[in-house]
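There are 2 protein chains.
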Amino acid sequence: MKLKTLSAALLATAAVSVSGVSMAYDEIISVRNEPVQPIQPAKVDDPQLVKLGAMLFFDPRLSKSGFISCNSCHNLSRGGSDNLKTSIGDKWQEGPINSPTVLNSSLNVAQFWDGRAADLKEQAGGPIANPGEMAFTHELAVEMLQSVPGYTVEFRKAFGTDKIDIDMVTDAIAAFEETLVTPHSKFDKWLAGDDDALTPTELRGYELFKTSGCVACHNGAALGGNSFQKMGLVEPYHTTAEAEGRSAVTGKDADRFNFKVPTLRNVEMTIRTSTTVAPRHWLKLLTSWAACSWASVSRLTRTLPLWPS
Amino acid sequence: MKLKTLSAALLATAAVSVSGVSMAYDEIISVRNEPVQPIQPAKVDDPQLVKLGAMLFFDPRLSKSGFISCNSCHNLSRGGSDNLKTSIGDKWQEGPINSPTVLNSSLNVAQFWDGRAADLKEQAGGPIANPGEMAFTHELAVEMLQSVPGYTVEFRKAFGTDKIDIDMVTDAIAAFEETLVTPHSKFDKWLAGDDDALTPTELRGYELFKTSGCVACHNGAALGGNSFQKMGLVEPYHTTAEAEGRSAVTGKDADRFNFKVPTLRNVEMTIRTSTTVAPRHWLKLLTSWAACSWASVSRLTRTLPLWPS
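Going down the list, the sequences are from chains A and B.
When we follow this note's numbering, the leftmost residue of the first sequence carries the number 1488, and every step to the right adds one.
When we follow this note's numbering, the leftmost residue of the second sequence carries the number 1488, and every step to the right adds one.
Isolated chain A, as found in the complex (with noise of 0.2 Å):
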């Protein structure tokens, strides 16, 4: 069966864990030395965790309002992001930034832009209690959870005990949200070794990608979100939006505007949040080049997403 799209995908996912057969794991190994390196299947070793966590993930309940779950900001029908230019919370609060895709995150160095989170764990409680998003509080969330007979018996299953606490909810929606990747995308069977999965086009634009800068930031098997890069790095950058990156974490103001690095991968599906952070980034990197370079580029991206061909 072709999985043709993001919902096909997490259908199979799901299904893998209902069923409680562990997915059979096959490295995909690259052939060639690259600086991006293909997307690995997941490894499910405790199926049980992940459908917990994927019941938690798509749980509104988890709100104070009962109508924002962890999928209305990571819409999986939606590359995993909402695509809003900030994200709507509790009573239609804007957010100060937008909502990063959860796709392929776990490959991330750190989790929210400024890096806050050390891993999708320590991630998975903030939106909850966020007071501009879920509007929660853990120790509510832990209560509602405790007092549907459906959870209790699934905490069962996963932890061997139906005293249900927020360590037990944030491992949960971390292990499912460790499924989230979206491997065997044509750039990634190319990498394999299949030297016809990508067309000569598609291979010029890589090869410009390269060439041209963008793998300084792009790279590793996210193509980016493995480091944290200065906005304002090509011409200054003028903003009046709230979040001020990686200095609010460090309290350093050399790290005003030092932002994660957004991935690449399944950024057609993205887009709409890539620009909001970086247009003039985007704009000045590709205004010098001609127009039939940025139609390699934008063919290469075409090679990421979510669908195997």
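Any given hint might turn out to be false.
Remember, identical chains collapse to one label, so a pair may be satisfied in a single copy or spanning two.
[To be verified] Pairs of lysine-lysine, DSS-like flavour, derived with a Cα cap of 30 Å: (1) K1572 to K1608; (2) K1676 to K1644; (3) K1551 to K1608.
Keep in mind that the hints were calculated from the coordinates and are not lab data.
On the provided structure of chain A, position chain B as indicated by the hints.
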């Protein structure tokens, strides 16, 4: 594989459409002469149309904000509703009435609580253009869809043309919603002849359900949804809610507070919604029963939910 959760049931449904194979259809015949009939499995004649409908159902781009999809208020992980007192719309507006479940909604005599849409196709266009709900227009929704290459491909497959119109959109959403039925409950198995499917307590609950008059309104395959009844049947109905019921459609004052009878299928997942409409109705009926009788009825409703056992 046992499907224990709604998401799992949904996954199975959607997986069928994605793989392009029509689901095997086995009619369930009742061997009993009862006022309640088994829910029939979905008959999928056009998997491509169902697949397209699923894409649309989950797509928040059909709303002005890009944040609200059909699934926001008819959440398939929450029994097909949002379980809120009234649903949340564009800019956090609160509607005049709660959101009915989409599950088994193809069995309804008409759509919306006041029956103002004849069928699911007619219903599907309503929320998209309602300024208090998704707050979009049909023209802009179609324009958005037309701008997404992935959608034009799917519309071409479903309709033989990629010139999209709103009729195609509502056709597809309705086709998907028609698959959202929940057959194979314990109660259905009992109707089909499995004497051991219900416990003696559950059977006592069903007898009580019939002898105490519940079944007068809550009958048919969906145990409701097939007639309009007057709120205030048992005692005067006082409300500050705006929804006036059937009179909004017929213009007749006699139809004021005439609402569609809710289905009791999966009532354990949608009870918060139901009690919002008619707490007094429940209370009045229930207080006349001994606690043990209520336990029996409650046990019965547990035989109706989504998951087959």
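Hints and how they fare:
no.	hint	result
1	K1572 to K1608	within (25 Å within a copy, 32 Å between copies)
2	K1676 to K1644	between (37 Å within a copy, 28 Å between copies)
3	K1551 to K1608	within (21 Å within a copy, 33 Å between copies)
The structure shown violates none of the earlier numbered hints.
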